[in-house]
Structure formats: structure tokens, C-alpha cells
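From first to last, the protein sequence lines stand for chains W and A. So in my numbering, the last one in the first sequence is 376, and the numbering has no gaps at all. So in my numbering, the last one in the second sequence is 392, and the numbering has no gaps at all.
Source of the hints: derived by calculation from the structure; they are not laboratory data. Note that CB positions come from ideal geometry on N, CA and C, so glycine has one too. Please note that the accuracy of each hint is not assured.
Said to hold, decoys possible - One side of the interface only, derived from the structure: several residues of chain W facing chain A at Cβ under 10 Å:
| # | residue |
| --- | --- |
| 1 | A191 |
| 2 | S192 |
| 3 | G193 |
| 4 | G194 |
| 5 | P365 |
| 6 | D368 |
| 7 | A373 |
Unchecked claim - Rough simulated footprint, nothing fancy, chain A against chain W, three-plus residues with beta-carbon under 8 Å:
| # | region |
| --- | --- |
| 8 | 85–98 |
| 9 | 114–127 |
| 10 | 154–165 |
| 11 | 297–308 |
| 12 | 322–333 |
To be verified - Listed below are the simulated EDC-like cross-link pairs for lysine to aspartate or glutamate, each with C-alpha atoms no more than 16 Å apart in a straight line:
| # | chain 1 | residue 1 | chain 2 | residue 2 |
| --- | --- | --- | --- | --- |
| 13 | A | K31 | W | D368 |
| 14 | A | K31 | W | D294 |
| 15 | A | K153 | A | D230 |
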Amino acid sequence: MDAMIEDMFARLMAEHCTPTIVRKVEDGTGEQASAALNGLWSEIVQTGLHDALVPEDLGGIGLTLADLVPVFRLIGVHAAPLPLAETMVARAILARAGVEAPDGTIALASAPEGSDHRVETPVVPLARTASHVLVDCGARIGLFASGPQAVIASGGRYSLSARLSFDRAAASAWLDPTATLRPVSALLHAAKMSGAMRKLLEMSVDYANLREQFGRPIGRFQAIQHQLSVMAEEVAAATMAVEVACDGTGDGLWPDVLKAAMAKERTSAVAPSVSAAAHAVHGAIGISAEHDLHLLTRRLHEWRVAEGAESYWAREIGIALLSSEEPAVDFIRLALAG
Amino acid sequence: MLSPLNLARIPDADEALRSQVKAFLAERLPDISTDVRARSWMGHDPGFSRALAERGWIGMTLPREYGGAGRSYFSRFVVVEELLAASAPVAAHWVAERQSGPLILHFGTEAQRAFYLPRICRGEAFFCIGMSEPGSGSDLASVKSRAVRTDAGWTLNGTKLWTTYAGAAHYMIALVRTSGTPEDRNRGLSQLIVDLSLPGITISPIRDLAGDAHFCEVHFDNVELPADALIGGEGDGWKQVMAELALERSGPERLYSSILLFDQWLDHLRRADAVDDQSIALAGSLVSRLASLRSMSVAITAKLVEGERPEVEAALLKDLGTGLEQAMPQLIADALAANPDLVPGETLLRTLAYTSEMSPAFSLRGGTREILRGMIARGLGLR
């Protein structure tokens, strides 16, 4: 089941989420961009994968987060310009709450308690292309239709991230939450990061074997080899943390908060050094707009801080660790093991 | 490219051993001060090793016919993890149990298995590994110790250096040249089992920077060995040594060398009136790092259970694990001294002192960081 879905999704993304398509979307919001977005989204809808996490008796495929780890990784690998993973989770939450999901993609956000009239979110990756946003407002979760009027640009030239601002009364539905959105949303970013970092490692190894300086491929130099080895180590450990967290759901959807914390803490902690090593190996070409490297490294920096960077989640884990009386290894075995 | 490790779980039957080991440790863990116990798998206590053997916890993966328990690497993982989590002194039997036993099982003759394995399992035969020499460290293939065939067996000459607990071991498995010259590199090397009580062997302990004397210089002066000292094939020494590496590099001992310090520091924070946010986040990030590496170690154990030899994955885990073991004393020292007016208790300070002093060894023993990264680079297809 897993392998079949992974293969199908890999083919779909290879065809409909190419770097050219990602660039068209990032380049602007004109006709070309919306055609690219609609093309990718309609392919996903045709496969039914947008309802992958919706239980079968509610019309979905009935998969779990653990089943979808390879899919989330591929979303990261291809730098998807739409919140695909987020939409899968949002549609499952809505289905379970008995709320009909809107057409189009749905981003996830958490807003601090603010004014009575407005809902203001922190920076949300892919906020600029999402049709809707599910916002955890503390007491309740609101569903909002998004659009240019809600977007407060807060990223770089090609960034699809933004802060969002809504009129509280504009929510099309309010849900009583069974859990907070932040851990699952953080875990999705972690899973995408693990895919993107693996792709960066692959690109960097390939480039190191091709690019010649001083009469030989730069990958023959020990200094380059060791940078790439460290990169491989960091990617492997972060990937494992994501596996543990996605496996640690009671009902296939809501992750264990501490395991999600570990996944986000680990991926966020290594994202800067993995990104830096990829750029170091690629040299100047990696900085150019035409090279694909930045499609991933720019996202890594955004996903690293989205829903809390490593220090936020480290503190959450630290609080749990210090309020338990268990020695470290027992704490890990009971709270943070697969 | 390396494929990602698959998440693995320790089977319930193996996990069931954990409470037994915990109960044993509660009763039998030697009453030594914490900073001495911080030596962990460098702590040498033959009586403790024999008590473990009586419970059947030495050589668990070896077949029953040779005195083992015929259990999987998962069982061994559970027992070893509990011993290391408690920083139990396991050095006496450590090498024999982790490496020499499996090596003899895989490459030894029936007579060698029947002689050595039951003794290892009873905690009566302690082994050391003779690899490094005065001129051969990371460049192991350049070893100069040489065994020459005689009518009766072998004559061994040469010097091994940094051999851990050679002075307290009964046998050494030595990597020596049996043909050719050092220019032949890894061809012509063989592994010999050396009975350390034989004439012609001089063992001199070397004091370390913490005042302990665990590693030794072992000098062989025309040592006469029987023909059956050879383990495995003549000239196959290099291949056999490489086969041991996955066993040597992927276990909890590459994660938990600073665990006693970490636990003591956590207790210190738990007893404090107030804990600053930086210390809370540091505790969280260290335990998060450790947890992800432990899951990797379990995943690699699953590969060993499947009969694979995941040398590259083991190298990767060892580099990460020893890096974390070294980061712990460094970061905890900073957290404790972030406010110089708050003085922690002397037990914690002494444990911190020992662990900080010894931490450079964590990434040297069992293959240096640089060697491991070279192996990983090869696994990535860079050499």
C-alpha cells in the first residue's frame, strides 16, 4: 500500500511539480502561475490523495500519518508550491468534525490570542497560494477563505510565505478542537524538511562528483567528503526523528506532542547547517536564481522557523523532561521511542 | 546513496528482560561514588561481570550449545542499554562479549568455539583487541607486528599499543602480519588469539589524563604460539576486522558515555528552586538528540538481527553519538557556570570533571571521526 502510493505520488510530482512550475508560481500571481497551481491541484484531486487521511467511512482513503511519511518527504523534495500536506490534515480534521471541506487547498496556522475582531497569524508557509486557512485561535479552530486581501507579505522576493489577517466574523466554520494544531502542523514541516534535506544531500553528492577543480572532481577532496558525510549524518538522524513522530499517533492523525516536538526540534536544528553545506559544495552557481538549490534551501529556512524553531520545541521537551522523575534513558524509552 | 533507516521496535519478548536487569542492578550495582561510576564501560570489576554471567547476560547472542542464550541482538541491546544507562562497570567482559565471541563464532574452528565461547559466557575469559601499534593508529593496515610459521605453530614479535585492559585480560585477538611486507597493506594480515600468560609477553599499563591505567603497551618477544592460535583464514585478518566494526560501532555505548553526568545534571535542575529557560531548552535538545540516535541504534540492531552488516550506518551513528557524548560535558559545564555565583554540589562537579577530561577519547576509541567520515563518504559514492 505504502510503496504503491509513494510510486504514484512520485510520478505525479515529477510530472506536475517540476522546478519550472514551482518557479512560475513563485514568480508572480499572473495567469501562468494560477494555471500551474490549478494543474497540480487537479492532478492531486484526481488521485483522491487530498483525502488520504480522511477515514474510509467518511469517503477518504483512511491512511495514517505514518503511511504518508514518504508522501510528505516527496512534497519537500519537490518544493511543492501548494500546502498539500497541510490540506490532507485539514480535510481529515474537517471530516471528523462533520464540516464539509471547501474546494482548494487549506493551510494550517496558529494565532495568538488577539483582538476580538481580528485573527492575525505568524508567518505561514504557502499562505500566498492557499485557498483557505484553518486557524487555531486557542479556544476554537476557525476556517477562513484566504486571498490577496488577507495576505501581509513578509518573506523574500520569491517567497510564498506570509502573515495572514482575517476578520474574525469572516470564518466560514468554527470547530471545537480535540487537539491543538501546532504539533501536527510542526510535524508536517519537519517531514517536508527531512525530504528536502535528503534531496539537498543527493544534489550535493552528485555535484561534488561532477564539478572539477585542481584537475579532479571536488568530491575527491577530503574536506568536501567530510562536509558531505556530516550532512548525511544530520539528515539521517533528523529523518529518524520524523519517522518516530509520524508513527506515534493514537488515531493516525494527531501526533503525540512530545514526539512531534522532537521531530521539529531535530529537523529545525540541522536545517541551517545542511543548507549551508549544500551551498558551500555548490559554490556560486547555487546562489543563482536559475539553479534549483534555492528552491529547497529557501524553504528550509522558512520551515525551520514555522510553528516554532528548535529552541521553542526544545523548551517544550525540556519542561516535560524536568517535570518527570525518570532518568534520561527511561524518559526516552517511555516518551520518545518508536 | 544511503537509504533511510527503517523504524524498528524492540520485540516484547526481548523488552521483557528490562525489568529483570533493573532489579539486578538495584541489588548488585557496586557501591562506588558517582564520579568513579562515570567510567561506565571503562569501569573494570570482574566480580560484577561474573554475576552478570551467572544471570546468563554475557554472550546472549551465542548459541546455547556454546553456553550462550541463543537470543537475538535485541535481547543484548536491552541488557546492554540498562547496564550503560546505570553506568555499570562492564569493562572486564566487554570486549569478549561484544566482539571476540561473535568473531570466534563466525570465523573460528569447532575446537576454538568449544574452548573459548563457554568460558566467555561464564565470565571467565576476558579478551582485549590488539590493533593499534606505535606506528599504526588510524592507518591500521600498516601494522608491523609479525607472526612467522614454525613447525609447532607461530612465533610472534612486535608491539601493540593503547590496548584497553590488556593487563587484566586472559587473551588478545591480535591483528598481525603473517606474510608480505607493510607495503602489501591489508593483504597478508591475520588474526591470532594470544594467550597473555605465555612467556615473552610484557604488558605495561599507561596512565591516562584522569589518573587511571586502562590502556596498555603489550610487547611480544619471540612468543611461541600453537598452530591453532590462528583464527579464521590466514591472510583474512583485514576482512574479519571489518566484519566486527558494525558490532563495535552501533551500540548504546556510543551514545551513553556521558549519561551519568546528564542524569546528575537533570537531578540538579529538578531540585533547583528555579530553572532558567536556557537550561530547560538545553535539557530538551540534548534528550531530543539522544532519542533520535537511540532510534537509529535500534534500527541498526534490527539490521544485525536480519544478518546484515551495516558498517556505514554504524559509522554514521558512531560519529553522531560520540559527538553528542562530547557535547554533553561541554554544554552542561557552560549551563552550570552561566551564573558563577551558583555553585553546584561537589559530586556533580567531580563527575563533570571526569567526563570532560575523558571526552576526547569518545571519538578516538573504535575508529576516529576522520576515519568514520571517510567510510561514510565511500558509502555516499564519493570515493
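A quick look at each hint next to the structure:
| no. | hint | verdict |
| --- | --- | --- |
| 1 | A191 | violated, 31 Å |
| 2 | S192 | violated, 25 Å |
| 3 | G193 | violated, 26 Å |
| 4 | G194 | violated, 28 Å |
| 5 | P365 | holds, 5 Å |
| 6 | D368 | holds, 7 Å |
| 7 | A373 | holds, 8 Å |
| 8 | 85–98 | violated (count 0) |
| 9 | 114–127 | violated (count 0) |
| 10 | 154–165 | violated (count 0) |
| 11 | 297–308 | holds (count 5) |
| 12 | 322–333 | violated (count 0) |
| 13 | A/K31 <-> W/D368 | holds, 11 Å |
| 14 | A/K31 <-> W/D294 | violated, 27 Å |
| 15 | A/K153 <-> A/D230 | holds, 13 Å |
Figure legend: structure checked against the earlier numbered hints; hints not met, in rising order: 1, 2, 3, 4, 8, 9, 10, 12, 14.
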